[in-house]
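Protein chains in written order, with numbering that gives the first Met the number 0: chain P, 0 to 270; chain A, 0 to 156; chain F, 0 to 102; chain L, 0 to 200.
Any given hint could be a false lead.
Straight-line distance between alpha carbons at most 16 Å, and here's what the computed EDC-like set of lysine to aspartate or glutamate pairs gives [said to hold, decoys possible]: (1) K18/F <-> E36/P; (2) K110/P <-> E126/P; (3) K18/F <-> E81/A.
Note that these hints are calculated values from the structure, not bench results.
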Amino acid sequence: MRQSIAIVGALAIVIGSLCGQAAAKDAATAEFDKFREVMEDSNPAELFEAKGEDLWQAKRGPKQVALAESCDLGLGIGVVKGAYVQMPRYFADAGKVMDAERRIVWCMVEKQGFSAEELFRTPFANENFTPEPTSLVTYVAGASRNMKIAVPISEPHVQDTYQLGREVFSFRAGPYDFACATCHGEDGKRIRMQQLPNLAKKDEAIRAYQGWPGYRMTGGFMLTQQWRMNDCFRQQRFPEPRYLSDTVTSLLTYLTANANGNVYKGPGIKR
Amino acid sequence: MNIVRRNLLRSAGAGGALAAMLAAGILKPTAVLAAEWNKNAFEAKDTAGAVKALGASSAAENKDLSMTAPEIAENGAVVPIEVISKLPGTTSISILVDKNPFPLSASFDFAEGGIPEVAVRLKLSQTSLVKAVAKTADGKFYTVQKEVKVTVGGCGG
Amino acid sequence: MADPMKIRAQMKGDICDIKILMSHPMETGQRKDSDGKVVPAHFIQSLSVDLNGKTVISGQTGTSISRNPVFGFKVKGAKAGDKVTVNWLDNKGDKRTDEATVG
Amino acid sequence: MPNRFVFLLAALLVIAGVARADDYRLRALRMIQNDFQAKGQAGLDRLETDSLQHVCNKYSDKPPAPLLRLVEADQLATVKYPADGRLMGDWREGEKIAQSGRGFTWTDKPGLPVGGNCYNCHEISPRELSFGTLGPSLRNFGRNRGNTPEMRQYVFSKIFNAKSFNACSAMPRFGYIGALNEEQIRHLVALLLDPESPVNQ
Chain P
0 MRQSIAIVGA LAIVIGSLCG QAAAKDAATA EFDKFREVME DSNPAELFEA KGEDLWQAKR
60 GPKQVALAES CDLGLGIGVV KGAYVQMPRY FADAGKVMDA ERRIVWCMVE KQGFSAEELF
120 RTPFANENFT PEPTSLVTYV AGASRNMKIA VPISEPHVQD TYQLGREVFS FRAGPYDFAC
180 ATCHGEDGKR IRMQQLPNLA KKDEAIRAYQ GWPGYRMTGG FMLTQQWRMN DCFRQQRFPE
240 PRYLSDTVTS LLTYLTANAN GNVYKGPGIK R
Chain A
0 MNIVRRNLLR SAGAGGALAA MLAAGILKPT AVLAAEWNKN AFEAKDTAGA VKALGASSAA
60 ENKDLSMTAP EIAENGAVVP IEVISKLPGT TSISILVDKN PFPLSASFDF AEGGIPEVAV
120 RLKLSQTSLV KAVAKTADGK FYTVQKEVKV TVGGCGG
Chain F
0 MADPMKIRAQ MKGDICDIKI LMSHPMETGQ RKDSDGKVVP AHFIQSLSVD LNGKTVISGQ
60 TGTSISRNPV FGFKVKGAKA GDKVTVNWLD NKGDKRTDEA TVG
Chain L
0 MPNRFVFLLA ALLVIAGVAR ADDYRLRALR MIQNDFQAKG QAGLDRLETD SLQHVCNKYS
60 DKPPAPLLRL VEADQLATVK YPADGRLMGD WREGEKIAQS GRGFTWTDKP GLPVGGNCYN
120 CHEISPRELS FGTLGPSLRN FGRNRGNTPE MRQYVFSKIF NAKSFNACSA MPRFGYIGAL
180 NEEQIRHLVA LLLDPESPVN Q
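In isolation and in its complexed conformation, chain P is listed as follows:
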């Protein structure tokens, strides 16, 4: 009995991948791809880049200091161009490996004197509200457009964080037994109509990486990589990862370093 089921099962998989799927999938996917370029050509994310640039330049916070004159994103104080594609990286002043959003918030708290508690309370955008770090990340990301991703993976702290990220990626738990890898560990899969890049592979990880920060068509607001990780864990039926936590940074280190060598084309526009 068991054996015959297995044989029939295998047969069904073969039949499925030969006919049913192929036709329907490809028509829809091809249609999406055709309009992707149109969407990317005029991406409302640019509106948030402009907002972020203003925030970066302005003297703000209790200390009335501009990030442009105080924040080091890894390439020297105030240097924005090219910084995004070289993060996450290790920051000796914080003693941590940090992704872009984590670093920006660190600068806002340490250099400008903003309240961490406040920034952590509403970290993600909604229809009525865009957090300042979101606009700042979008600006910083946009300043690395068309540059090669180069996470300094041979740096020991970054390497260590990468290895931890790989473990987080494949950790199965929760009521549905899901890991990140359950949906993002194979090539060419979809959930409903959404492509699921295989985050372990260079050419697929880049697709996930440059999607975020991204302008989300649903709702029409800007969301960051930190949000993407948070919402993946929600759909994974996990409890909530803390904003800017080591776990999220490790995952971002894993998937970004996996995309090393590709040219960054974001910020993105997403369904």
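Please build the complex by placing chains A, F and L on the supplied structure of chain P, with the hints as guidance.
Same frame as chain P, now just chains A, F and L:
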């Protein structure tokens, strides 16, 4: 002169004076914009009503009026639509979403220099016909339409 | 006050390609917020594109235009260095004017 | 002699490598325990792995064959069949359950009914174009496999506890975890096997 503006002048009942004010820059452009919105057409609840309010009685299909629209939209909240009119003397292009609560989505008027080719992004509440209506200088109307399917998204369903 | 628009005006041959991004909620008046209350309609109703101070395209819009609207227009008779001005006005009387130089 | 030396060195390296991987795994687990917070119905207890999850995590979803058979038998034993023996419900209801992806996230309201999530991963009815491809296509499932009592029992068991047939399958254990009740699973069996279901048209 721009047709919408001409209507405005007529309805204002003092065309000459208003035109003079406009020319003198006394009325800011946004004040003119405010007077232009065609409430009847935009608040019509069906396509037929909206088209009528635009002044179009019958509209013929013509190969010189074309529309680019996705057959299946990735997201109904943002559907890219492009309408191109090669009809000589095109003065306006209107775009309607048949199944939306208020079908009329946008209406553009072209003055000298404006090419009748527009790209917009629309919300579609469900799978629907998207329709464009173009008007030419001789008062004739033309139309083109395409169906856009709206799909369910991933995960949450 | 509303956030600035992003306007790109680029000559392609003898045609000027204009792309406009606007920052606007474009509320339909049908959406409910997380508390179940209807969010009042708030949308751009009119816009105009001027080339060197002369209106070349004017538009009226309804609630079907997507949030943070994107428009693409084409204009002839322009050249590099010309000024493109875009105005919009919404149903609450908010408005915005921004300029770009044709490149 | 040199051969033995190389062999020894290689063995040591392998052990060191394994030890390091285990070390990262343990540290990652500790980091996760530290970095999550309960939200809505998603409590921290969800980070504790049960025996099945533990095995799949430990062996990266490829447990050795004897263990695999043991785990699968263990999972199959959790399947509770309807007392009245009825395994077929209404495919129309099944289609609705298959469409819904709701349930168990921290934004979902706790309790039943939750959705089957089926279209997230499977092609099912030809009328629904928006389907995922993580799982195999189920188009013509009943037509290809036959609407036999054995097949009904297999489909019921598979939906109740997918791990009964493939220990580290990506598919959740819908019945076992209480996401879908007996009645809902019956409707899904009908969606796949009923000759009237669009799946088989």
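Hint-by-hint comparison with the structure:
1. The suggested pairing of K18/F with E36/P holds, with an alpha-carbon distance near 14 Å, which does not exceed 16 Å.
2. Between K110/P and E126/P the alpha-carbon distance is near 29 Å, which puts this suggested pair outside the 16 Å criterion.
3. The hinted pair formed by K18/F and E81/A meets the criterion: a straight-line CA distance of about 13 Å does not exceed 16 Å.
Checked against the numbered hints above, the structure violates only hint 2.
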